[in-house]
Amino acid sequence: MQRYNPKEIEPKWQAEWAKSGIYKAVDFDERPKYVMLTEFPYPSGAGIHIGHTREYTYGDIVARYKRMLGHNVLFPMGYDAFGLPTENYAIKNKVSPQQATDVNVANFQKQLESLGLSIDWSRSFRTSDPDYYKWTQWLFLQFYKAGMAYQDEIAINWCPHCKTGLSNEEVINGRHERCDTLVEKKLLKQWLLKISEYADRLIEGLKTVDYPARIADQQINWIGRSIGAEVDFPIVNNDEYVFLHGFTGSPQSDFIPALTARASSLGVPYYAPELPNTQNPSVMEQAQFVAASGKLNENSVIVAHSLGAPVALKAIELSNVFIKKLVLAAGFAQPGFADHERPFEATFDWQFNFEKVKNQIGEVIILRDSTDPAVPAERADYLVEKLGGTIVDFAAESPHICGSHEPVVVQHVFASLKVFTTRPDTIFGATFVVLAPEHPLVSSIVTEEHRAAVNTYIKAAQAKSDIERQDTDREKTGVFTGSYVINPANNAKVPIWIADYVLTGYGTGAIMAVPAHDDRDYEFATKFDLPIIRTVKNDAADDEHTHADGVLINSGKYDGLKNTDAKTTIVDDLAQIGAASKKINYRLRDWVFSRQHYWGEPIPIIHCAEHGAVAVPDDQLPVTLPAVDHYEPTDTGESPLAAITDWVNTTCPTCGKPAKRETDTMPNWAGSSWYYLRYYDAHNDQAFADPKKLAYWGAVDFYLGGMEHTTLHLLYSRFWHEFFYDHQLVPTPEPYASRRGQGIIQAADGTKMSKSKGNIVNPTDIIESGYGADALRLSIAFLAPFDQTTPWGPEGVAGTHRFLQRLWGLTQDFITRETTAGGDALDDSIVQADIMQAVHKTIKRVTSDLDSLGFNTAIAAQMEGLNQLYKLREQDEFASINAWQVALENMLQLAAPFAPHTSEELWQQLGHEDSIHTSQWPKYDPTYLLSSTVTIAVQVNGKLRGEVTVAVDADEQTTVAAAQNDAKIAAQLAGKTIQKTIYIPQKIVNFVAS
RNA sequence: GGGCGAGUGGCGGAAUUGGUAUACGCGACGGACUUAAAAUCCGUUGACUGUAAUGGUCUUGAGGGUUCAAGUCCCUCCUCGCCCACCA
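Mapped onto the working numbering, the consecutive letters of the first sequence carry residue numbers -15 to 978.
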């Protein structure tokens, strides 16, 4: 009899499998396809750890199981090779990152092979291969060409240790997720991807895939969709308004009353004259009238409608004063008014000293109505040409901007502060507003009296780290600006404060503070003694997540309304006067895509003085990394590539003139955002993958990975894939049909495994110690449910090793048995049935456990089955040869996904020439499970008092009688009357007695 | 503060729709084999109790409830883990 020696059989079968290629996935095969994907590893210098082993063992078990069920399984593996750790390792060891990667990958590959994984290595690649990153660059350019990749100078997260910018997702609790360094803010020109444009799609798509709730919830939470409104709070200032009506108009016509109403509510001075001879106007006469009014000065905001425009321009020219702002609504300064007989043209020469007028106006806004039948669109272009300023295109309430509200006009006339709120129902309780210290309006609204205090506060806020600023336990701080806004709901004048509890990056960077219904505002109001007005009775809703049925109070005409209804009603009403609009905000920010490091994919863009950022043409891809000696990161926010002038200097693809390459590289999340697709066609040099192969393999059937990637890689790759789908690059809207996260393995004491604690267990050591890969795989899979975090120590391997030895021993005993022929001994029929029952019970359990990813219980079932077979062996010593042969074969097949080497070896020793791994998964036969008797638990008053064995088809009467007659039960029932008998067939009898 | 999940022997963990709690394994203890140890094999192993029986009582974080019957369902509370977090 051979001894069980995994050290001998494991390498033997690994070599054999590699030779026969049984794990190669076949493109376009007729069997149903199954893509089993596990996250590819980052090839660090440390080699694989126990977490890799857990993930890949699970993946391999599923891959092997599906293969035996008859699927065309693709179980691929590659390397996520770009990134900081390799670069750091290379710098430290004075080798190139390419060389370091070669060494590390070779080591990983060896270790992964020693686990006996059924990977199709022919499809392997590294993200740092130019053949691969050519397509990463090409795909980036698809984003760029679609306007989804853009450059912006923004304050980004900067890791001072790694000397690179980071995305929001890479910052955990204010620290870089990789090195735990406190993140700083740095103003840098960055490439960004517009992931925020896919916010809704990323939420909606989750409904179509099979993800556990905790993964879906985490992504939804991260995207952070908030439904609310933007509300304009007019700023109280020293503006003085002049409203000039148009031809045949008056201060009562069109939108002028809306303006005067707003001005009165603001309590600011305004002048809205009736111009002379409105039915037969002379522009010069009207302009002289305005100029002579004495109402024009440096605080003037002039609003002119239609013919009021030339009147205003001439009046400014005549008055010789500087005015603050000019708003022209459907204005013009040339002849050609399509709708009238133009009686005024004769009285006006249409000659302006535009040079002079332009210098007399601070700000010009030209409102152009797209539905205007009277004033041609070019009139506005002419005005901008002569006066400068900006054109605002919109569709008016009534053509030629003659509506009675015209909210767009109102918005552009009065300076206002935009806030975002999810609680517009509480607006009557908004007793102050708060700006983030970085808000762009701060410097223009702060009064001289408060400027010094405000500046001090802003400086202090900037000096604080994000960690400090986001510490919720910190006491509220803030400073008054001296300015006020008008609450548009009740026209109350409320103060503007600055405080760092308002964040610049979210919403509008400004809030309306409702201390009665928001904890933070309450804290602030209490500290600075600001008024608190309760406006919703029974309000349990501090944010949009809860929807209590509160009723409005202290809210004017809205009193008595349910607050959930008031949210809509109030916004709708405010929208009427241009003071609010519905708005959805997301916590998700655009993806900062630039890294200032060498070891990454160069961003394939060329900057030309004339043509700006130009995409590198497809035929010039890949833009390869230059081979250089020095590539250390700089502290300046500039990539080390910038110093390699030979590489940086190039020519513009558009004009051929000298130009410079983009020197930032991509984050290492880039290569991993599409790698699964490359496995479908790993060596294609014409496309990132052949569309036919993409169509054949489709979505990944099962993607297993780490929970820590939920809001990083998993979210990023879904975003890329959805974008690809929209651009007809991939056949499915979602990349992964099903996703699961495996649990974390902790050290035996329940703490995190870490280098510094020295409690890391190296899987290779365990394999080489003599236990072998099969025992290691079993011990990890047996440990706990696959998605549960659990402590692990190598002691468990001894247990699964024993199981394999027992499996080995029983099979060897059978092979070397002394009984030869004559397996049809007369008395073996009962044992034979027992053998088959034990095996088929095991087949049933293992199969259903595998279907539900119950790896640990699938192994327990096999152990129980084997224990039973050992007991049965004592009864017949392999007399029932045929039954034993089949039983052992089935047991080996059940073990095959878990212990591929041992099962293969024994399978072949039992006489098979083909691999067990291409054999067909055994099916359980229910007829073997039938038993002639059944044991029934008997309770008295709900307490277990005994059990009886009855025929499986015994009826209620027989069973209850048997239970009652059982000695123990009879003793319990003595002296009691049975009130009720509960009978559950095949399971239980319960006597209720007293 | 918000979201999600979990509390079962010394340990990892089992337990279809409520229906024999503690499967399977580790560890521990006892025994066989051995000069000895390892390995292997056999046995015991939730707690208390002791009338040693085919015994009794208790036991799934705590307390209450529903039910013939609760680890499982309901209510209240406690503890732990993960994710998010001054996101308006």
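The hints are simulated quantities; they were obtained by calculation from the structure and are not laboratory data.
No experiment lies behind these values; they were computed from the predicted model shown.
Wrong hints could be hidden among the right ones.
Unchecked claim - Keeping only pairs whose Cα atoms sit at most 30 Å apart, straight-line, the calculated BS3-like set for lysine-lysine is:
id, residue 1, residue 2
1, Lys173, Lys448
2, Lys477, Lys511
3, Lys825, Lys17
Legend entry - Hint numbers not upheld by this structure, sorted from lowest to highest: Nothing - there is no hint that the structure violates, so all of them hold.
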